[in-house]
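Asker: Spelled out, the chains give:
2 protein chains.
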Amino acid sequence: MQTTNLEDMATTKNPARFSLSRLLIGKPLATRDLAHQTVNRPIGLAVFASDALSSTAYATEEILFILALAGTAAFGLSMPIAIAIAILLVIVTISYRQTIYAYPNGGGAYIVARDNLGEVAAQVAGAALLTDYILTVAVSISSGVAQIASAFPALNPYRVEVALLVIFIMTVVNLRGVKESGTVFAIPTYFFLGTMFVTLGVGLYQYFTGTLSIVTDVHSVETLVVQPLTIFLILRAFSSGSAALTGIEAISNGITAFKEPRSRNAAVTLQWMSGILITIFLSITFLSHQIQAMPSHTETIISQLGRTIFGDNSIFYLAVVAGTALILLMAANTSYADFPRLAALHAGDGFLPRQLTFRGGRLVFSWGILTLAGLASLLVIVMKASTSALIPLYAIGVFLSFTISQMGMVIRLRKIGRLQPGESVQGLETVMSYDPRWRLKMVISGFGAVCTGIVMLIFAITKFTSGAWFVILLIPILVFAFFRVHHHYKDVAHALSLRDKTYDIASHPVQTVVLVDGVHTGTIELVNFAKSLQHPWHAVHIGVNPEKASKVEALWDEMIGEGELVVVPSPYRQLNMPIRHYVENLLRENPDSYVHVVVGHLAMDSVWKQALHQNSVFIFNLALNGLERVVVTIVPHQVGRHQNGGNVVDRNVLTNEDLRRGEEGER
Amino acid sequence: MQTTNLEDMATTKNPARFSLSRLLIGKPLATRDLAHQTVNRPIGLAVFASDALSSTAYATEEILFILALAGTAAFGLSMPIAIAIAILLVIVTISYRQTIYAYPNGGGAYIVARDNLGEVAAQVAGAALLTDYILTVAVSISSGVAQIASAFPALNPYRVEVALLVIFIMTVVNLRGVKESGTVFAIPTYFFLGTMFVTLGVGLYQYFTGTLSIVTDVHSVETLVVQPLTIFLILRAFSSGSAALTGIEAISNGITAFKEPRSRNAAVTLQWMSGILITIFLSITFLSHQIQAMPSHTETIISQLGRTIFGDNSIFYLAVVAGTALILLMAANTSYADFPRLAALHAGDGFLPRQLTFRGGRLVFSWGILTLAGLASLLVIVMKASTSALIPLYAIGVFLSFTISQMGMVIRLRKIGRLQPGESVQGLETVMSYDPRWRLKMVISGFGAVCTGIVMLIFAITKFTSGAWFVILLIPILVFAFFRVHHHYKDVAHALSLRDKTYDIASHPVQTVVLVDGVHTGTIELVNFAKSLQHPWHAVHIGVNPEKASKVEALWDEMIGEGELVVVPSPYRQLNMPIRHYVENLLRENPDSYVHVVVGHLAMDSVWKQALHQNSVFIFNLALNGLERVVVTIVPHQVGRHQNGGNVVDRNVLTNEDLRRGEEGER
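First to last, the protein sequences are chains V and Y. Going by our numbering, the first sequence opens with residue 224, and the numbers climb by one from there. Going by our numbering, the second sequence opens with residue 224, and the numbers climb by one from there.
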């Protein structure tokens with residue numbers, strides 16, 4: 224009965240308080256509101272494809288930025304490079320279809336690695352993915368802002384500020400919690416697909432009818448010293464373009480969101496997504512070459528394409544730029560769901576601070592969202608919201624997780640190969656059943672792993688000096704930190720566990736020590752509480768100011784008249800060390816007792832007023848924190864809340880002498 | 224006996240701990256080390272004159288910067304303006320001599336105003352002076368760095384960084400505490416005077432012998448649009464130059480530092496200081512005009528003079544630049560003594576946070592020093608270490624305090640005029656005795672007040688748009704804030720006072736509530752303490768996670784087996800509101816009792832480890848802070864300090880299942 228009563232109270236009273244955070248974030252949601260809905264294939268495509276599809280907005284451009292180092296003649300290589308990337312995409316898609324069927328409850332790299340390769344591999348995959356989610360936010364928002372600034376060049380000097388504003392808004396929206404209503408997600412994705420297909424269709428029609436013009440007025444990058452077109456440079460361009468693959472793992476993480484048969488629906492959606500991605504990516508690359516698009520720091524390739532195909536300021540031009548900017552923001556928003564969820568998974572296994580598993584007032588993982596927003600903002604500021612500067616850091620993590628995940632599948636399929644026909648074995652996450660085609664599947668996964676592994680190496684080598692070194696250093700450091708955290712939690716769990724330990728529940732004597740700063744109404748409350756405890760008690764005053772100490776002694780005798788008052792001198796005017804030494808002495812004299820230190824606290828009705836007082840409770844807590852058998856009690860004394868029936872002070876009656884007497888109340 | 228014992232302990236044990244702050248600041252000093260020494264006239268001049276004398280380093284330059292707006296032809300006005308400022312200086316000096324004799328215990332504007340004009344005037348004078356002390360640091364260090372950068376132009380791009388470094392070093396030195404050994408102060412002051420007199424002497428000799436050359440290679444400021452030479456512009460140049468008067472009030476603040484007869488010694492030192500100041504200021508202005516010095520953002524006038532008189536890179540040139548930089552740093556250092564002392568005076572009267580009256584480990588007013596350093600650094604950053612940008616903010620405060628102080632003297636002398644011959648009256652600060660020359664003295668002080676008041680108005684009007692508006696807004700805001708602080712302290716003093724209040728010292732029943740997050744070794748300590756108190760007790764678990772709540776209930780029965788456990792549901796996953804509502808209910812049911820809430824705290828041996836745990840003590844304290852009769856006790860449980868005789872955990876024995884069980888320990 225009491226339970227129900229309290230729950231009602233919490234429900235009704237709680238949302239009443241007004242605050243800025245309440246206004247921004249919304250009123251709290253109850254745990255039982257945590258709901259789940261499933262989506263069909265078209266909505267699933269909209270929800271999970273934005274990250275992958277959005278990379279077509281910058282992949283071609285990043286290839287051209289690298290080729291430009293060897294002069295514009297090298298641009299002819301953009302199409303062969305794009306085709307190589309498309310083949311890689313097909314291989315990864317086929318390999319990931321298998322993962323989706325094998326892990327119908329979600330087959331992200333972290334889970335597949337933990338299941339088949341052990342904790343270290345799982346932590347490496349997780350560290351790589353967490354890093355890349357942060358980069359997804361930074362890259363997508365930087366590129367999205369670049370798209371908008373292409374159409375509105377006046378924004379160019381404020382790209383960092385605009386990007387930070389977008390991150391801020393996205394953070395607030397996600398802290399409110401996005402009800403994963405697929406239809407809302409569908410609008411920008413299908414708007415992007417619509418405008419993009421129209422643009423590319425018209426462009427190809429113009430090409431075949433010979434009416435496609437050439438782009439003009441581009442402030443392209445200037446190459447001061449033309450480098451020779453080496454294999455190294457070509458591989459570097461290839462690795463830049465392979466950023467197009469980022470995000471295709473999203474569906475394998477989110478299989479449970481699909482309607483049944485979910486593995487099949489997810490797999491079909493993955494194929495559709497890859498098909499669309501390849502079509503758009505190849506078409507953009509082909510048309511960019513035909514219109515002689517130039518990589519530029521002030522206008523994106525998409526903007527150049529739209530402008531050339533539809534003419535400057537055409538409504539279709541604005542639509543394709545808007546669609547591209549929208550899908551990029553959607554992609555960033557995907558990380559706002561993925562990063563906190565993966566971080567919570569790590570934290571639940573004890574590899575990241577446990578706070579990351581707490582759901583905030585709106586049921587979202589607030590700590591994860593804030594961590595992501597903070598780190599992405601930092602990246603945007605350091606890299607000045609430049610997509611090209613961020614790209615060398617990006618995609619290594621994704622390819623590392625692709626490789627680990629597929630290696631996990633290889634191990635799993637080897638185990639399946641050892642089963643007898645018809646046999647099933649319960650694995651850690653899933654049931655493994657005999658599969659006659661295990662050998663073919665293992666070859667596919669293995670080939671995928673080798674391909675993505677090679678791309679990762681190409682990436683690491685060709686981009687090392689331009690930024691990849693940072694990620695290559697960061698991931699092992701993160702993994703090391705994850706394990707340190709894990710060991711800490713294990714140590715604490717062991718220390719706290721009652722199993723195999725002897726303990727007894729028993730009373731001990733209690734020595735009460737009342738810390739008094741002066742003799743005032745708060746002191747009366749302290750003394751009354753100490754008396755009420757009905758254990759031996761005495762008072763202690765830390766004598767920072769010897770004159771004041773004698774005054775306090777005199778007032779104590781006059782006003783309180785009971786209990787002993789000990790003055791502990793503090794020649795260095797500190798509060799912490801004298802009380803610590805005093806309590807240590809007491810502990811030594813009373814080896815079986817608790818020392819119960821009672822401290823007063825003047826509680827003001829505003830933080831500003833509170834800041835005008837020395838809040839010594841904090842100092843005492845810190846000083847006594849490390850002592851066994853020492854217990855600190857805070858007796859708050861409410862000042863200035865006028866709860867004594869509007870006992871308003873007449874200020875004019877008080878003299879400075881009153882004030883000085885009042886000062887004795889503190890410090 | 225116990226007292227002596229403890230003092231010894233504190234003295235011997237305390238300085239043993241090593242830390243970074245100990246290394247920078249030094250070991251703590253005992254209160255009894257607070258000593259005082261007095262100085263003779265030459266040392267007094269060195270100690271108190273640096274602020275005033277150092278303003279000659281930029282006063283002429285600032286006049287030229289303004290005149291440059293009307294073209295170089297206007298530079299001819301620099302000498303007449305300097306003479307007007309010199310006359311003003313003579314008037315203020317004569318007026319301040321009277322203050323020195325009237326207030327032999329220190330006659331700063333704050334004390335004179337409080338004594339004669341009341342609290343409001345005193346607070347205005349104080350606010351003005353505090354503002355100007357901050358500006359003294361920013362202006363002097365910016366100018367000092369500009370002198371150094373004139374000799375070493377490579378430093379020019381890093382002036383802000385160098386200035387901040389100087390502030391940092393000066394702050395550390397002052398936090399260590401400067402033993403006011405006058406001899407150390409004397410070296411830079413007399414070095415400056417020596418080099419300056421040699422430079423100006425040689426310069427004047429060259430002028431009279433016709434060998435003085437003209438300055439070359441100055442990157443002077445470019446005037447794009449030449450303004451007409453209006454009265455307004457001349458007054459603006461005059462007010463810029465009147466920054467030369469800043470710092471002459473220093474001696475009247477520091478009279479007690481002089482040997483007896485201290486008023487006479489201080490007055491003679493003041494005259495000497497003014498005489499030297501006028502000589503240097505007029506000579507610099509005269510010679511600058513002769514060598515056709517140009518205001519420049521990369522080379523100071525002092526550097527141009529030194530270079531022209533002694534030749535580039537001459538050792539004499541470097542000496543005069545070094546001397547000027549040194550005296551400017553000494554001037555900034557003066558504010559490090561004055562600001563904290565004045566802030567402590569305000570705080571002692573209850574107009575600023577009381578923390579400003581606390582002496583730190585090294586007996587200095589640490590809070591005041593840190594406040595000054597922080598605000599001066601902010602000014603240097605915002606104004607990019609430019610003396611010219613800071614000057615419009617500067618000197619208004621000083622002239623306001625000059626005016627108020629002299630007005631106070633007028634009121635005082637009027638009161639003296641009403642006395643009978645031979646009569647004496649005890650004032651608030653000093654004894655007022657009949658003085659036959661009171662009328663003459665009153666006229667002098669009044670004339671001084673009118674002059675400085677007019678200069679202040681000229682300053683406020685001519686500099687309003689270039690920065691003075693800020694100070695004109697700031698001072699009333701500060702005064703308002705001071706009185707708000709004062710009223711707060713008065714209210715608290717009244718609320719805490721036991722006078723005219725009835726109170727009784729009595730026992731009350733105590734209801735103990737033990738907050739349990741889980742059942743582990745820490746819980747045993749909580750329960751043992753609650754039992755030891757020997758008051759009625761029960762346990763409460765905030766049911767953030769319903770599944771965990773039932774586990775805790777089961778474990779409670781199994782492992783503890785006594786005391787009632789109440790589960791309070793928390794549908795919004797909060798800790799604060801449910802416990803608050805629960806305790807409020809308990810208070811209602813037990814109107815005469817204390818509710819004693821006992822909370823556990825897992826104390827880790829490092830902040831990093833601590834950060835990995837939800838430190839809910841803080842949340843509970845905040846939630847219960849505002850309730851009367853509610854007392855919160857923290858029972859720390861030491862984890863990871865291995866105090867159980869090196870009970871090291873074997874991590875390999877623990878499974879993830881252990882870990883998950885361990886998790887129940889928290890949240």
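By construction, these hints were calculated from the structure, which means they are not laboratory data. The model shown is predicted, which means the values in this text are computed figures rather than measured ones. A hint or two may mislead.
Pairs count within a copy or across copies, as identical chains cannot be separated in the list.
Computed list of lysine to aspartate or glutamate pairs in DMTMM-like fashion (alpha-carbon distance at most 25 Å, straight line) [as the list claims (entries may be wrong)]:
hint : residue 1 : residue 2
1    : 771       : 652
2    : 771       : 787
3    : 607       : 770
4    : 607       : 723
5    : 638       : 652
Asker: If a hint holds in the structure, say so; if it doesn't, say that too.
Answerer: Each hint, compared with the structure:
1. Proximity of residue 771 to residue 652 under the C-alpha cut-off of 25 Å is restricted to the inter-copy arrangement: shortest distance 23 Å between copies versus 69 Å within a copy.
2. Taking identical chains as interchangeable, the C-alpha atoms of residue 771 and residue 787 lie at most 25 Å apart only when both belong to the same chain, with a minimum of 18 Å there against 47 Å between chains.
3. For the homomeric pair residue 607 and residue 770, neither the shortest alpha-carbon distance inside one copy (59 Å) nor that between copies (47 Å) is at most 25 Å.
4. In the homo-oligomer, the alpha carbons of residue 607 and residue 723 never lie at most 25 Å apart, since the shortest distance is 57 Å inside one protomer and 66 Å across protomers.
5. For the identical chains of this complex, residue 638 and residue 652 are intra-copy neighbours only, at 14 Å inside a copy versus 94 Å across copies, given an alpha-carbon limit of 25 Å.
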